[in-house]
Amino acid sequence: MAADHHHPADLAPIEARVAAIESVLVEKGILDTDAVDAIVTHLEENLGPMNGAQVVARAWTDPAFKEHLLDDATAAIDSLGFGGPQGEHMVVVENTPEVHNIVVCTLCSCYPWPTLGLPPKWYKEPAYRARAVREPRKLLAEMGTLVSDDVEIRVWDSSSEARYLVLPMRPDGTDEMSIGELAAMVTRDSMIGVQRL
Amino acid sequence: MTLPDDDSLPRDNGNLVFDAPWHARALGIAVALVDKLGLPWDAFRQRLMDEIAADPQRPYYDSWGKALESMVLDLDLATPAALDAATPTERAPL
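The listed protein sequences derive, respectively, from chains A and B.
Counting from 1, one number per residue, gives the positions in the first sequence under the working numbering.
Counting from 1, one number per residue, gives the positions in the second sequence under the working numbering.
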């Protein structure tokens, strides 16, 4: 809309700088704006936790797939068609009655895009990145996830060499559910490990 | 250290990840550039880590923008003067 038109002069310095970078790269023929837009659209529309949820539901219902997933997560996930950038070097860690897993990237924002999409804002905040390591039980409680003291909490620091995905425990009373119904129960946060299903 | 405000704490399966259109664009530029140049993602990630470490409280996408600028300059894809002189591309919101 014309009234909301965003003039370059209104840009914050860093926003203007990024726009300038794009402008120069486009001018030199290194990038084109359509490619940039296509990447963002793909990330927003095709990648996301619905893919990870399918991986989890399959693991809950197919023991051979689960074994493959825990042994070589990248290949197992790729076999479902969810590969690509930021999807390499996947490691799946399984929650059990004795162990609860939580994932963080302490240094930046490593995260499995093909299965979870782009990371939520809080995942990139200094508070989460520091506290997930220092006091995960307290942090989880503040996020509404109570993990009793007799359950061990394991914290996994994602990097480009290993991107972690949590395999949540299958909730009780779901024996009759279809794989589609199961996938619909799986949340993004449960696969980061900040929520239990 | 405090937690981010309550609204940003994870309580659902929401997908909102960009606070502003330029965040999406900054991300798209980095991904496209690394891909175009055939570089490993680490070529960008290392710079992002360094920028975050240099100023941990700086907003995330500000660090991202700084990392992008340092990569572009170090690879001689642009000069500071060219960036200063550039007219930012007029873009409709994605």
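Hints may be right or wrong, so weigh each one.
[Stated by the list, open to error] Simulated restraints, written as ranges between beta carbons of each label pair:
hint, chain 1, residue 1, chain 2, residue 2, range
1, A, Glu176, B, Gly38, 35 to 41 Å
2, B, Pro56, A, Asp150, 23 to 29 Å
3, B, Asp55, A, Val151, 34 to 40 Å
4, A, Ala38, B, Ala43, 37 to 43 Å
5, A, Pro97, B, Pro80, 30 to 36 Å
[Stated by the list, open to error] Facing chain A, a subset of chain B residues (Cβ under 7 Å, in silico):
hint, residue
6, Trp22
7, Ala24
8, Ala26
9, Gly28
10, Ile29
11, Asp42
12, Leu75
13, Ala81
[Claimed, not checked] Pulled from the structure, derived: some chain B residues nowhere near chain A, Cβ distances all over 10 Å:
hint, residue
14, Ala53
15, Ala54
16, Asp74
No lab work stands behind these hints: they were computed from the structure.
Only a predicted model underlies this, so the values are computations on that prediction, with no experimental measurement involved.
For each residue, glycine too, the CB sits at the ideal point set by N, CA and C.
Please flag the earlier hints that this structure goes against, numbers listed from lowest up.
1, 2, 4, 5, 12, 13 and 14
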